[in-house]
Amino acid sequence: MSTQNKKNSSDLRKKAEKKLELETIDIKKLSDDELRRLAYEFQVHQIELDLQNDNLQQTQVELEYSRDKYSSLYDFAPVGYFTISDKGIFLEANLTCATMLGIERCSLINKPLSKFIKREDNNKYYRYILHVFEKHEHKTVELVMVKKDGTEFYAQLECVVTQDEDENPKTCRAILTDITERKQAEERLRDSERRSRAWLENSPVCTKIVDLDFNLQYMSSAGVKDLHIDDITPFYGKPYPLDFYPKSFQDTMSENMRRVVETGEIVTQEAPVVDKEGNELWFHSTLIPVNNDEGQLDYLMVTSLDITTRKKREIEIRAINESLEQHVIDRTVELTKINEELQNEIAERKKIEETLIQSEKLKSLGTITAGISHEFNNILNIISGNVQLLQMDYKDHSNLMDR
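Heads up: the sequence shown is residues 1 to 403, going by the numbering used here.
Hints were generated in silico from the structure; no laboratory data involved. Heads up, some of the hints might be wrong.
Stated by the list, open to error - Derived DEER-like restraints, expressed as beta-carbon distance ranges: (1) Q326 to N292: 51 to 59 Å; (2) V274 to E181: 48 to 56 Å; (3) N279 to E334: 37 to 45 Å; (4) L212 to K118: 39 to 47 Å.
Think of the CB as a built atom: it goes at the ideal place given N, C-alpha and C, for glycine as much as any other residue.
Using the sequences provided together with the hints, build the complete structure.
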């Protein structure tokens, strides 16, 4: 039996003896049977008391074990547990709370909680604790706490008011959770979101977020600027494609969005739209399915690049190509005609050449004939001269000449 148990038994014996003095029975007046019956009752009662005492001792051991266990759970819990008065004074605190605040537990008791809250957050704390005590609501608040050495950390304070017998708020049980890592993660996430939004807002690509009901949830500034929209917010929650887009674009985009939802595939398209002023714009769009952490389709992201300038150049190039093709056709026809004319001219020239050749042949023959004739004429002239000489010599013999 432990010292504490012995002390408890001694105290109980003294109380029993004191009570017995008031209820003393005069044994001399009892008969032998009554004495035996009384002795028997005392023995039975003594045994019952011994059994009860054993049970009580066992129960006490179990209670002490349970108390120690829950005390250990309380002291070494991963969060700070403490109790404060309605004035905000520490009444109780576990070891975790004391460790979080960088102070020994005994030194923490009877100190105000506000002493460990950053000055800039004290007003927030006072408003919160006043609300908790007045409304008896279970609420939380995030504060910047300050350790004894001046180190700061983010914490979440959660308070529940306890009441006295008259149901008046008496104390407040609180949980203090270090949320520094969570706050740092949130800050990193906010930084990432700011960078992503800055990238989206300054990118030449128009990015749109469309929910699974095909309603517009977001459009980056590139699209707002390209479409000459003064304020995009009235279009959020409205069906996409927007109502001022041409029907051809609406039909194509709607069909492709349904295709993305059904297949989970990325789809691209090129189609014209019109801005708020009625000007035609061409966009190359990519429809991307975006899944959540569970791998389920969450929303669609549509990225659109303005290709109006490229399309205009393509149209200009196509027109130039068509013009060049027509020019080639026309030139081919013209060259074919010229070729035919040249062929005709060549044939004509061949005929002329043949005629000229024939003429040259005749001319050569004439020249030869003329030469021969000239030679004959010369001979004839000689003969004629000789004849004349003979006539002169024989003029007296004319009869011979006549012969």
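What hint numbers does the structure not satisfy? none
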